[in-house]
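Undergrad: In order, the protein sequence lines correspond to chains A and B. All residue numbers for the first sequence refer to the numbering used here, where the first residue is 5 and numbers rise by one. All residue numbers for the second sequence refer to the numbering used here, where the first residue is 2 and numbers rise by one.
Computed cross-link-like contacts, EDC-like style, restricted to lysine to aspartate or glutamate with a CA-CA straight-line distance of at most 16 Å:
| hint | chain 1 | residue 1 | chain 2 | residue 2 |
| --- | --- | --- | --- | --- |
| 1 | B | Lys80 | A | Asp299 |
| 2 | B | Lys258 | B | Glu17 |
| 3 | B | Lys113 | A | Asp299 |
Keep in mind the hints are simulated off the structure, nothing from the lab.
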Amino acid sequence: MKMTKLPDQRGHFGLYGGRFAPETLMPALTELEKQYEACKEDQRFQKHLKGYLKDFAGRPTALYYAGRLTKKLGGAKIYLKREDLCHTGAHKINNTIGQALLTQRMGKRRVIAETGAGQHGVAVATVAAAFGLECEVYMGTEDMERQSLNVYRMRLMGAKVTPVDSGSRTLKDAISEAMRDWTTNVRTTHYILGSVLGPHPFPVMIRDFQSVIGTETRRQIQKAEGRLPDCLVACVGGGSNAMGLFYPFLSDRSVEMIGVEAGGHGIESGKHAARFAEGSVGVLHGTMTYLLQDDDGQIRLTHSVSAGLDYAAVGPEHSYYYDRGRIHFTHAKDDEAMSAFDLLSRVEGIMPALESAHAVAHVVKLAPRMKRSRVIIVNLSGRGDKDVMQVAKIRGVKL
Amino acid sequence: MNRIDQTFQRLRAKKEKALIPYIMAGDPYLERTEELVVAMEQAGADIIELGVPFSDPIADGPVIQRAGLRALKWKTALKDVLRLAADIRKKSEIPLVLMTYYNPVLKFGVEKLFKEAEACGVDGLIIPDLPPEEGQTVLDRSRRTGLDWILLAAPTTPSGRLRFLSGQTQGFLYYVSLTGITGASLSDYSDVKNRLSAVRRMTDKQVAVGFGVSTPDQAATLAGMADGVIVGSAIVRLIEQHMEDPDLPAVVAEFVKQLKRAVTGGRARRPSKPIAAHS
Numbered sequence: 005m006k007m008t009k010l011p012d013q014r015g016h017f018g019l020y021g022g023r024f025a026p027e028t029l030m031p032a033l034t035e036l037e038k039q040y041e042a043c044k045e046d047q048r049f050q051k052h053l054k055g056y057l058k059d060f061a062g063r064p065t066a067l068y069y070a071g072r073l074t075k076k077l078g079g080a081k082i083y084l085k086r087e088d089l090c091h092t093g094a095h096k097i098n099n100t101i102g103q104a105l106l107t108q109r110m111g112k113r114r115v116i117a118e119t120g121a122g123q124h125g126v127a128v129a130t131v132a133a134a135f136g137l138e139c140e141v142y143m144g145t146e147d148m149e150r151q152s153l154n155v156y157r158m159r160l161m162g163a164k165v166t167p168v169d170s171g172s173r174t175l176k177d178a179i180s181e182a183m184r185d186w187t188t189n190v191r192t193t194h195y196i197l198g199s200v201l202g203p204h205p206f207p208v209m210i211r212d213f214q215s216v217i218g219t220e221t222r223r224q225i226q227k228a229e230g231r232l233p234d235c236l237v238a239c240v241g242g243g244s245n246a247m248g249l250f251y252p253f254l255s256d257r258s259v260e261m262i263g264v265e266a267g268g269h270g271i272e273s274g275k276h277a278a279r280f281a282e283g284s285v286g287v288l289h290g291t292m293t294y295l296l297q298d299d300d301g302q303i304r305l306t307h308s309v310s311a312g313l314d315y316a317a318v319g320p321e322h323s324y325y326y327d328r329g330r331i332h333f334t335h336a337k338d339d340e341a342m343s344a345f346d347l348l349s350r351v352e353g354i355m356p357a358l359e360s361a362h363a364v365a366h367v368v369k370l371a372p373r374m375k376r377s378r379v380i381i382v383n384l385s386g387r388g389d390k391d392v393m394q395v396a397k398i399r400g401v402k403l
Numbered sequence: 002m003n004r005i006d007q008t009f010q011r012l013r014a015k016k017e018k019a020l021i022p023y024i025m026a027g028d029p030y031l032e033r034t035e036e037l038v039v040a041m042e043q044a045g046a047d048i049i050e051l052g053v054p055f056s057d058p059i060a061d062g063p064v065i066q067r068a069g070l071r072a073l074k075w076k077t078a079l080k081d082v083l084r085l086a087a088d089i090r091k092k093s094e095i096p097l098v099l100m101t102y103y104n105p106v107l108k109f110g111v112e113k114l115f116k117e118a119e120a121c122g123v124d125g126l127i128i129p130d131l132p133p134e135e136g137q138t139v140l141d142r143s144r145r146t147g148l149d150w151i152l153l154a155a156p157t158t159p160s161g162r163l164r165f166l167s168g169q170t171q172g173f174l175y176y177v178s179l180t181g182i183t184g185a186s187l188s189d190y191s192d193v194k195n196r197l198s199a200v201r202r203m204t205d206k207q208v209a210v211g212f213g214v215s216t217p218d219q220a221a222t223l224a225g226m227a228d229g230v231i232v233g234s235a236i237v238r239l240i241e242q243h244m245e246d247p248d249l250p251a252v253v254a255e256f257v258k259q260l261k262r263a264v265t266g267g268r269a270r271r272p273s274k275p276i277a278a279h280s
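Extracted from the complex, chain A is given alone in its bound form (with noise of 0.2 Å):
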């Protein structure tokens, strides 16, 4: 299978991707793409990126053989690409510290962005401050209950944090008004999206610079085991730390990848966020893919225990390998993330974020059905201390 060649010159992943934006944005979104191509092949711009990613977020993060959650599940050997470790907790500081450079580099003064968990918002707060910029956080007001400690994080670095009030008060509704600020301010300012979404170039950008994930993996599992693995399992919201895993092994054949959507209360209930369970194609902010929507065209509200997965749509570049069967997708309910949640912590002594805890529900399904000789890796894309509170109201302890 070749893959080199997407997406081609407008951003098209075959039918998925494009960029169907206002056109007070087309201009904007010409610019960053001529910058974006511009800084791979700027040695300059490379090595500050490098050197951020090393001694600002801690890279390369681990890769972890789950001795005792093996043993415990009785298959296949199972590996944490670390992501929680790097600084603000979570794979989401990746594609930050690459945009915040290209914001200088354009010029720009302030930066905007839309959170859902608030791991991107902290990573973006966090970018703000240590290069100087302005920074204006959208965020769903059902979200900022959820996530109240990121909100506090957010603005303890200086960043505004703007409560969104419209529609599902989540993730979808934060973009729009991302959007719309970016819309209005797009002279002076740089748009920080956090997934592989949006109207190109930010699919490709972003997943370039979450690919040091797999990079990364890639060297590490030869190191350990001296071969590929045998199967790679990422949580999918947006998809943009399951595309950074997946994206250096596309054309090892050998390697299955399973993207784990978030299955809410089951997808008979609908409510969940499995758009490659209940979803069809259609446009939304700026991407055409697959899109959880009603026979109208209106986007369907979502549900996920996990506010980073929490979204109608999915990156354009998974709908790609969706349909060519390259990437396989399933989904893992709430009550199944909450017990893959206590299951590592308690046995691994790692707490995983609630969105990569649907990652482990699936390993916890998938690793007793495979050999001993096989092997897994699991990206941990984030740290689970966000959720503690959450966790604690869901099972009404008072803290």
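Given chain A's structure and the hints, the job is docking chain B onto it.
TA: Here is chain B on its own, set in the frame of chain A:
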């Protein structure tokens, strides 16, 4: 020649400018929308822009967002707005332009939409999140039917692209007066004026200007620079404020009358102070 072209031709002959009010179909409910269209036509509206609600309208400010939510409460959909258009067409020849986002269009089916919209007497289509590069099927259909695909241009649009957009657009070019979303407040008229004269040097097509026009004074000023003026949020806000009023169509008609008078005056008057959109 379709109804949009005929309207502009008629206005040109009278040296008049077009007043193009926008309302959200289904706000406060569909039967009311029909009454509002009729009332606005009688008050002097030249072309009617009908919003079709979408759950995630990224180019719209709070006023039109709220109108969309009200219309969605009734599950107002493209098929309902087409039926509404057909009903209006039974009693009026006023050009009707639908404005919606790409996803409802895609879900409905581009081919089916063009077929049915033309049969219902719709004259044009505005899709703010569909640039021509992504809209080949829409472009093909619009060229083969009497239905215009009206494109937008913005203050950020560079001149090369402006030439491209004015070349591709049908009916008229929708010029966005400000860098922002609908219902924002316009303050820099000299900037708009410079840009509009650049646009008009570039194209023979009709140019209508919209976004940020909320008062008759502003409409008058902009009418001096373009062939038509689009007023959306200000009317939608009026509908919101008088939703329960049995005389709603009359209230809206009175405002449209003022706007039309201002636009017909056509002189480039500068308003004493820019009036911000309240939201």
